[in-house]
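K.L.:
The listed protein sequences derive, respectively, from chains A, B, C and D. In terms of my numbering, the first sequence has 217 at position 217, counting the first letter as 1, and numbering is strictly consecutive. In terms of my numbering, the second sequence has 203 at position 203, counting the first letter as 1, and numbering is strictly consecutive. In terms of my numbering, the third sequence has 292 at position 292, counting the first letter as 1, and numbering is strictly consecutive. In terms of my numbering, the fourth sequence has 1 at position 1, counting the first letter as 1, and numbering is strictly consecutive.
Calculated from the structure, these hints are not laboratory results. Please note that the accuracy of each hint is not assured.
[Claimed, not checked] Straight-line distance between alpha carbons at most 30 Å, and here's what the computed DSBU-like set of lysine-lysine pairs gives: (1) C:K56 with A:K298; (2) B:K17 with A:K208; (3) D:K112 with C:K172; (4) B:K138 with C:K235; (5) D:K50 with C:K56; (6) C:K56 with D:K112; (7) A:K208 with B:K142; (8) C:K172 with D:K397; (9) D:K409 with C:K172; (10) C:K56 with B:K95; (11) B:K392 with A:K208; (12) C:K172 with B:K87; (13) D:K164 with C:K172; (14) B:K358 with B:K537; (15) B:K117 with C:K235; (16) C:K235 with B:K142; (17) A:K208 with B:K95; (18) D:K49 with D:K112; (19) B:K138 with A:K208; (20) A:K208 with B:K117; (21) C:K56 with B:K17; (22) C:K56 with D:K420.
Because the structure is a prediction, the values reported are computed rather than measured.
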Amino acid sequence: MSAGEESYSAAGEVSLIKARRTFAENLWRGLKSAPPTALFGMAVISTYMLFAIFAPLLAPYGEAEIFPMSYAPWSDEFMFGTDQLGRDVLSRLIYGARNTIGIAVATTFLAFLIGGCLGIAAAISQNWLDHLLSRSVDVLMAIPSLIFALMLLSMFGSSATNLIIIIAILDSTRVFRITRAVSLNVVVMDYVEAAKLRGEGLGWIMRKEILPNIMPPLVAEFGLRFCFVFLTIAALSFLGVGIQPPTADWGSMVRETAGLIQFAEYDITAALTPMLPAAAIALLTVAVNFVVDWFLHKTSGLKD
Amino acid sequence: MNTKNRGEKGDILLEMKDIVIDGYSDDRWHEIIKGVDLTLRRGEVMGLIGESGAGKSTLGLASMGFARPGCRITSGSIMFDGIDLMKASEAEKRKLRGSRIAYVAQSAAASFNPSHKLIEQAVEATVRHGITPEQEAKSDAKKLFADLQLPNPDNIGDRYPHQVSGGQLQRVMTAMAMSSRPDLIIFDEPTTALDVTTQVEVLASMRQIVEQYHTAAIYITHDLAVVAQMADVIKVLRYGETVENADTRTMLSNPEKEYTQSLWSVRSIEKDEEESKDIILKIENVDAGYGGGIKVLDKVSIDVPRGHTVAVVGESGSGKSTAARVITGLLPPSKGRVLFNGQPLPLALKDRGIEQLKKIQMIYQSADTAMNPRHTVRDVIGRPLEFYLGLKGKALDKRLLELLELIELDETFVDRLPAEMSGGQKQRVCIARALAAEPELIICDEVTSALDQIVQKGILSLLLRLQKELGITYIFITHDIATVKAISDQIVVMFQGGVVEQGMKSEILSPPFPDYTKLLLSSVPEMDPDWLTGLLKERSEEQTSV
Amino acid sequence: MHPVIATVLQRLALGILTLFVVSLIIFSSIEFLPGDFGEAILGQAALPETVAAFRKELGLDLPMYQRYLDWVGNVMTGDLGNSFSGRGSSGGADRSRPVIDLIAPRLANTLFLASMAAIISVPLALFLGITAALYRGSIYDRLVNALTLTTISFPEFFVAYILILIFSSFLKFFPSLANIDPTTDFWVRVHLTALPAITLMLVIIAHMMRMTRAAIINLMASPYIEMADLKGVSKSQIIIHHALPNAWAPIVNVIAFNLAYLVVGVVVVEVVFVYPGVGQLMVDAVTTRDVPVVQACAMIFALTYILLNLFADIISIITNPRLLHPR
Amino acid sequence: MVDIKDLEKAAIDGKLDRREFMKRATALGLAAPFATSLLTQAVHAATPKKGGRFVQGTGHGSTTDTLDPGTHENGFSQNVVYTYANHLTEVDNTGQLVPELAESYEASADAKTWTFKLRQGVEFHNGKTMTADDVIGSINHHRGEDSKSAGKSLLSAVESITKKGKYEVEFKLSAGNADFPFVMSDYHFAILPEFEGNMDWQAGFGTGGYVIDRYEPGVRATFKRNPNYFKSGRAHFDEVETIALLDTTARQNAMMNDEVHAINRVDPKTVHLLSRVGSLKILETTGTLHYTFPMRVDQKPFDNYDLRMAVKYSVDREQLVQKILLGHGAIGNDHPISTANPYHNGEMAQRSYDPDKARHHLKKAGMEGVTLDLGTSDAAFSGAVDAALLIKDSAAKAGLDINVVREPKDGYWSNVWNKKAWCACYWGGRPTEDWMFTAAYVADSKWNDTAWTSGPKADKFNKLVVDARSELDTNKRRQMYYECQEIVNDDGGALIPMFANYIHAVSKKIGHDEKVAANWEFDGNKNAERWWFA
C-alpha cells in the first residue's frame with residue numbers, strides 16, 4: 001500500500017466527480033473491459049455452476065447406477081466409458097461437480113465466516129482479544145494442516161459435514177490473517193472513529209463500516225481459498241479420507257483410477273479416464289484464479 | 001536584492017505551444033489541458049497557480065515531456081533548449097531528466113525512497129547520467145546542503161529519509177534537483193505539506209539557491225502569497241486553460257480577469273468577535289499522552305463560550321488535535337477533567353451516554369476519510385437521525401432534505417456516494433452529519449485545510465451562517481491564520497502540548513506578542529512580493545535566524 | 001541491531017509457547033483417536049490380554065496428564081523418548097528405538113528434498129516475478145502468469161503421476177522411485193530425488209512469483225518511484241534499485257511460508273515417490289498411535305514453521321531502515 | 001567423489017539405464033571406452049544362475065515394524081522373517097508340509113504329544129549353533145501371561161515344552177491336534193537365538209539363507225547371502241532388497257520401469273494392462289486368502305436365520321469376483337475352506353445370486369423393508385468399499401435395503417471388526433481346515449467374528465472340529481470337515497463371497513519352479529531363497 005499523496009493523482013485532477021452509474025452499468029463496463037482470460041474463467045465457472053445445479057437433469061445415468069460392464073470403453077452409450085464398478089464416468093463427473101464444488105463452497109464460506117468475523121473483531125479491538133486470537137492462529141498454523149486434518153477426520157469420522165467443518169476451521173486461520181491485515185487499514189479511518197464517537201456497537205461497526213470496505217480483497221481471497229480447499233479435499237481423498245461413497249467426488253475419482261495413467265502407451269483412453277476428473281479440478285481452479293486475478297487488478301486500482 | 005529585478009532574463013529556454021493533455025478516468029479520456037502556451041526564459045521563475053483540477057502539475061510535468069500514468073500528451077509542441085520533447089525518444093528524454101531538467105515533488109516524505117540514504121538519492125541522477133563521478137558529486141551535494149542551511153551538512157546525507165524532518169527533506173530534495181546544475185527546475189507545491197514557520201525557511205533557501213545558480217524554475221502552487229515571494233511572472237490556470245499571464249507585481253496589484261480577483265479576495269472574509277461569559281465547555285488542566293508515558297498535553301485548560309467559536313492554533317505536534325480527542329473521550333486524560341454545561345463529562349468514550357455523545361459532534365479535516373466510501377449521503381446523514389432521534393421512513397426523509405437544504409445541496413445528492421461528489425460537497429455532507437445530531441458543540445478539525453481557497457470561503461461562510469441560525473458552538477482547530485481571522489471570536493495558541501495564550505481574537509492578533517505567537521504570525525506569507533525579503537532582513541537583524 | 005535482537009528474543013519466547021501448545025493439542029488429539037498402539041500393531045490379531053500387556057508395558061494405563069507431564073519433563077532434558085514400536089516383548093530388556101534414531105535419517109532426507117526444490121525454485125520465482133513486473137501486461141507477463149496459475153491448479157499427486165509418465169516411463173530420464181538410503185551417493189541422490197523436487201517446485205513457484213510481481217507492481221504507484229522516473233532512472237534500474245529493496249518484506253514472508261510447506265506439507269509427494277521423509281513417518285506413527293514419534297514430528301514441523309517465520313521477520317527488519325535505524 | 005562401485009551397483013539393479021550410466025561415469029572423468037567395458041561387465045555380472053541383486057517391492061510395511069516375530073502382522077515383516085529365519089516346518093511350493101529346522105517329527109496316538117528332532121549343526125548368523133534351547137525360547141516368546149505376541153492364541157493348547165536332548169523338543173497339548181506341525185510353520189514361530197529363556201530378536205540373527213544387512217522399518221530391508229546356509233540348492237541371490245511400496249501406482253510404476261524385479265498386490269483393475277508390459281510376467285496363485293462379511297449372530301437382526309439366508313442369497317458373487325477381483329479369484333460358498341486346503345468340499349452346491357429366494361427368506365423372517373448397516377473400509381481389503389456398494393446394489397433388487405458406512409481406516413480392526421453387527425473383513429486363510437476353523441469359527445476363539453457360538457448346529461460344528469483335530473484317519477477327517485463346511489455355509493454368520501488370488505508381477509529375468517506356493521504371497525514369502533536370475 002503506497003500511502004497518502006495519491007490525492008494529487010492525475011485521475012484526481014481530471015474530474016473530481018465520478019459519473020453516477022447503476023450497478024448493472026458498472027457490471028457491463030466491467031465485463032467489457034475484462035481480459036479474455038477473465039472472460040474464459042467466468043464462462044467456465046458459470047458452466048460448472050449449471051452442471052452442479054442441474055446435475056440430475058444433465059447426467060445420462062444415476063450417480064451410483066451400476067452397469068454390468070466395468071471399464072467399458074468410450075462409446076455412444078457411455079461417453080467416457082464406465083469405472084471399475086461399471087458406473088457411467090460421465091454421470092459421475094457431472095454429479096462430482098455438484099458434490100465437490102458444493103462441499104468446497106460450503107467449506108470456504110464457513111472458513112470466511114469464522115476467520116472473517118474474528119479477523120475484523122481482532123482488528124477493531126487491538127487488545128487482549130487480538131493477541132489471543134493471533135497467537136492461537138499461530139499455533140494452528142504451526143501444525144501441519146493436512147496431517148492434522150487426517151487425524152481429526154479419523155477422530156470424528158469422514159462424513160461430509162465433518163470434512164467441511166474441519167477444513168473450514170483449519171483454513172479460517174489464513175482468512176483471519178488477511179482479514180485482520182486489511183481491516184487494520186480501515187479501522188484507522190476517520191469514519192470508523194466517527195461511528196465510535198456516535199456510540200455505535202461493535203457489530204454495527206464490523207458490518208456496516210468495515211466489511212463493505214474490505215470486500216474486494218476478501219472476495220479475491222475467497223477465490224484463492226476456494227481453490228486451495230478444492231485441492232485439499234482432493235489430497236485428502238487421495239490419502240483415503242474423502243467423501244462417503246457412493247457419492248461421486250473428483251478427488252477420489254482421480255485416486256481410484258490414477259493407476260491407469262502409467263499405461264498411456266498401452267491403452268490411451270484408459271489413461272485418459274483419471275485425466276478427466278483431474279482436468280475438471282484443474283480447469284475450475286485455473287478459471288477461478290483467472291477471474292480473481294482480473295478482479296484483484298481492477299480493485300487494487302493499479303492502472304497499466 | 002529582491003525578486004523584481006533579479007538578474008536580466010536570458011534567451012528562451014522552454015517553449016510549450018498549444019499543449020493538449022488527456023487524462024484517463026472513469027473509463028474515458030478527458031482533456032485536462034486544453035491548448036496551453038508557456039514560455040520560460042533562462043533564469044526566470046514562473047509561478048503556476050490555480051485550484052486543484054486546474055492542471056498545474058500536469059502542465060509542469062509536461063514541460064519535462066513526462067505524463068503521469070493515466071495521462072497522455074496528445075498534441076502541441078514542447079521545445080526545450082532546441083530539443084523537441086514531443087519527438088524525442090524515451091531514452092533521449094531520460095537523458096534530460098535529472099540532468100538538465102529537475103523536479104521537486106510536493107511531498108518530500110513520500111518522494112524519497114525509504115530504503116536508501118539521502119546522499120545516495122541526492123546524487124543518483126548526477127552519477128547515473130555520468131555528469132560527475134560519485135565522490136565529487138557527494139562532496140558537491142554536501143556543499144549544496146550547506147547552501148540550503150541544512151544542519152550539519154557533512155553527515156546529514158548519511159541518514160535515511162525517516163530520520164529527518166519534513167522541512168529538511170524538502171531542502172534535501174532541492175539539493176537533489178540542484179546537484180546536476182539543471183537549467184530548469186519544476187517545483188510542484190514544495191511547501192504545501194509544511195508548517196508555516198518551516199515554510200518560511202524552506203522558501204528562503206529555495207529562492208536563494210535558484211538565484212545563486214541562475215536556474216530557471218516553474219513554481220506550482222495554489223498559495224498566492226507564496227508564489228508572490230518566488231515568481232517573476234505568474235500564470236493563472238483554470239480547468240486546463242490559461243486565465244491570465246502577467247508579471248508578478250502587476251498580477252497582484254491589478255488582476256484583469258475576475259476569476260483572478262476572486263482568488264485574490266478569498267482571504268477577505270473577517271468575522272467581528274463577540275465577548276461571552278456563558279461557558280459551555282471547560283477543560284481543566286488536563287494531562288494526556290499515548291501509551292509509553294510521553295505527555296502530549298501538559299496542564300491544558302481551555303474555556304469555550306456558548307454560541308461562539310474558539311480557534312485553536314498551532315503547528316503539527318502542538319497537541320491541538322489531541323485536545324480534541326480528549327474532549328470527545330477518544331483519549332481519556334491521565335489528569336484533569338472536562339466539564340460540559342457545568343457537569344463533569346465521563347472521561348472515557350464508553351462511559352458516556354447517548355445524550356452526552358449527541359451533544360458533541362466532530363468534523364474532520366479530510367472528508368474522504370471521514371465518510372465511508374460505501375455509504376450514500378442518505379446513509380451518512382440518515383444514520384445519526386435514526387440513531388439519536390429514532391427517526392424512520394417519511395420523517396427521516398423529510399429531515400434529510402431539510403439538512404441538505406441547510407448545507408445548500410439539493411435532493412439529487414441523496415443517493416450519491418462520496419466518490420460522486422467534489423471535496424467541498426463532501427465536507428458539507430460531513431457538516432450535515434454533525435448537524436443531524438442536533439449538537440450544542442461541534443469540533444472542527446482543520447476542516448478547510450484540504451480544500452481550495454474558493455471552496456474554503458464557501459465552507460467558512462456556511463459555518464458562520466449555521467452558527468448565527470442555530471447558535472452552535474465551534475472549537476476550530478487550524479494552523480491557518482487567515483481562517484482564524486475569518487471565523488473565530490477567541491483564540492487559543494498551543495505549542496509543544498501547552499497553551500501559550502488564550503484570549504479574544506483582537507488581543508491575540510495585536511502586539512505585544514509572546515515569542516512563539518510572534519514567530520507564528522510573522523511567518524504567515526503575505527501578498528506583498530517584498531514580504532519574505534523584509535522578514536528575513538528583520539529576523540537576521542534580531543539574530544533569531546533559523 | 002537491537003531491534004532485530006529484540007524481535008528474535010520475543011519471537012523465540014512466543015515460539016516456545018507455541019511449541020508447548022502444539023504438543024498439548026497433538027497429544028490430546030491422539031488420545032481421542034480410536035484405538036491405541038497395541039490394537040494398531042496387532043491389527044486383526046489383537047486379543048484383549050495382548051493389548052492389555054502392551055498398555056502395561058508402554059504405561060498407557062497411566063492417566064493422560066501424567067503421561068503428558070512425563071513427556072514434557074523428558075523433552076526439557078532434551079530426551080525425545082523412545083518409540084513405542086519394538087518394546088521388548090515378554091521378558092527381555094527394553095529394546096525400543098530412540099525417537100531420534102528413527103527421525104534423524106528421515107529428517108535429513110526431507111531437508112535434502114526441500115533444499116533441492118528451494119535452491120532452484122526461489123531464485124527462479126524471483127526472476128520470473130521481477131521480469132513479469134518489468135514487462136507488465138506484455139505477452140511474456142501474461143504467459144508466465146497463466147503458466148504458473150495452471151501449475152498450482154492441478155492436484156499435487158496428479159502432477160506427480162504426469163511427471164512419472166513423461167520422465168520415467170517415456171523418456172527414462174529419472175526413476176519413479178526416490179527410495180534413497182543413508183549410503184546413497186550425493187549425485188545418485190540428486191538424480192533419484194529429481195522428480196519429487198520438480199513436483200514440489202511446480203507447486204510453490206507460482207505463489208512466490210506472483211507475490212514478487214504483486215509487491216513490486218504495488219510499489220510502482222508510490223511517489224518515490226515517479227521521482228526516480230523523473231530523475232531519468234531507467235525502468236529496470238527503477239525496479240531493481242528502487243522497488244525491490246522496499247518489496248522484500250512481503251516476498252520473504254511468502255518464501256518462508258512456501259519453504260515451510262516444503263518441509264511440512266509433502267506427505268502426498270512422499271507417498272507417490274516412496275520417499276522416506278518425515279511426513280510419511282508421522283502419518284504412520286499416527287495410524288499406529290506411536291505417541292512419542294508423532295509428538296517429535298509435530299515438534300519438528302512446528303519448529304520449522306516458527307524458525308522460518310522468524311527468519312522472514314528478521315529479513316523484513318534489516319531491509320527496512322525505519323525499523324533498523326529508529327529515530 | 002562418486003564411487004564407481006555405486007554406479008556399477010546402480011547399473012546392475014537397473015536403477016541406471018545405459019545412457020545415464022555413461023553420462024555419470026564420464027562425469028567422473030572416466031574415459032568413455034573404459035566406462036563402456038565397465039557397464040558390460042556389470043550387466044554380464046547381473047545374469048548368472050547364482051548371484052545377482054534381487055529387488056522386490058511389497059505393498060506392506062510400516063515405520064513401526066520391528067523384527068519381533070510376535071508383532072509381525074504385515075507382509076513386509078513376514079517376508080523378512082521368512083528370508084532371514086527358519087521354522088521347525090515349512091510348507092513347500094507344492095503345499096506339502098516338510099520339516100525345515102526339524103529333521104523329523106512324530107505324534108502320539110492321541111496326537112496330544114509331538115516330538116521334534118532337530119537338524120544338527122545349523123548355525124545362526126552369529127555363529128551360535130541352533131539347539132533345543134533356542135527352539136524352546138523362541139516358542140515361549142509367544143506364550144505366558146505378559147506375552148504380547150499375536151501368535152499367542154495359536155499356542156493356547158500347548159501345555160508344556162520340554163527339552164528331550166540337545167536336539168530334541170517335546171510339545172504337550174491339552175487336546176489332540178493332528179495339524180500341530182503345520183502350526184509350527186507359521187511366520188510367528190521363527191526360531192531365533194535363545195536369550196534369558198526367551199528369544200533375542202533384536203540382533204536379527206536367524207538361521208536363514210540370507211543375513212540381514214540393513215533393516216529400515218517401513219522403508220526397506222537388505223540382505224546378503226548366508227555363505228553357510230544349511231539348505232543346498234537354495235538362496236541363489238548374492239543380495240536381496242525388499243522395499244515397502246505402499247502406493248499401488250508407485251509399486252507398479254517401479255515394476256514397469258524395471259526398478260524392481262518383483263512386486264505383489266498388483267491391482268486387479270490394471271492386471272490386463274500390466275500384462276502387456278514386455279519385460280514382466282504376471283504370477284497368480286489361488287490361495288486361502290478370502291474376503292468375508294461376517295454377520296454377528298448374537299446381534300439383531302442377524303440372530304435371525306432367515307435374514308442371514310436372505311442376505312446370503314442377495315449377493316451376486318459372480319459380479320463381485322468380476323468387478324472387485326476382475327476375475328482374479330474364485331467364488332466363495334460362505335465357508336472359509338479354499339481349494340488350496342486338503343479337504344475342500346467340492347460336492348456341496350454352490351450358493352448363487354437368487355433374489356426370489358432372498359425375498360422368500362426375508363418374508364419368512366418378517367423383515368421386509370428392514371435396513372441393514374454395512375460397515376466397510378479399504379483397511380479390510382482393497383476394494384472393500386466398492387464391494388459393499390455392489391452388495392447394496394444387488395441386494396436392493398432383492399428388496400433388501402443396505403446402508404454402506406465407510407469407517408475410518410485406522411482403528412478399523414479395533415473398533416469396527418468384531419464389534420459392529422455387520423462389516424467387511426479378510427482372512428489370510430490357513431493351510432489346514434482345523435487351523436482355519438480354530439482361528440475364527442470355534443466357540444472359544446477370540447476372533448470368532450460371527451459370534452456363532454451356540455445353538456444346536458454350532459454345538460455340532462464345535463464338536464466335529466475337536467474330534468477331527470485328533471483324528472488321524474484321513475477319510476474320516478474328510479467326512480468330518482465336509483460336514484463342518486456345510487454347517488458353516490448354512491447356519492454360520494459368515495458371508496464369504498470370494499477367494500482372492502495373490503497377484504504378482506515378476507521380471508522375466510527371474511526364474512522359479514513351475515509351481516509356486518500359495519499359502520502366502522511371494523511363493524509363500526520364501527521367494528528370496530527359492531527364486532533366481534534366469
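K.L.:
Taking the hints in turn, state whether each one holds.
P.N.:
Here's how the hints hold up against the structure:
| no. | hint | result |
| --- | --- | --- |
| 1 | C:K56 with A:K298 | violated, 65 Å |
| 2 | B:K17 with A:K208 | violated, 51 Å |
| 3 | D:K112 with C:K172 | violated, 61 Å |
| 4 | B:K138 with C:K235 | holds, 24 Å |
| 5 | D:K50 with C:K56 | violated, 48 Å |
| 6 | C:K56 with D:K112 | violated, 34 Å |
| 7 | A:K208 with B:K142 | violated, 53 Å |
| 8 | C:K172 with D:K397 | violated, 50 Å |
| 9 | D:K409 with C:K172 | violated, 35 Å |
| 10 | C:K56 with B:K95 | violated, 84 Å |
| 11 | B:K392 with A:K208 | holds, 18 Å |
| 12 | C:K172 with B:K87 | violated, 58 Å |
| 13 | D:K164 with C:K172 | violated, 61 Å |
| 14 | B:K358 with B:K537 | violated, 52 Å |
| 15 | B:K117 with C:K235 | holds, 21 Å |
| 16 | C:K235 with B:K142 | holds, 28 Å |
| 17 | A:K208 with B:K95 | violated, 51 Å |
| 18 | D:K49 with D:K112 | violated, 45 Å |
| 19 | B:K138 with A:K208 | violated, 54 Å |
| 20 | A:K208 with B:K117 | violated, 43 Å |
| 21 | C:K56 with B:K17 | violated, 97 Å |
| 22 | C:K56 with D:K420 | holds, 27 Å |
The structure fails hints 1, 2, 3, 5, 6, 7, 8, 9, 10, 12, 13, 14, 17, 18, 19, 20 and 21 (numbered hints given earlier, in ascending order).
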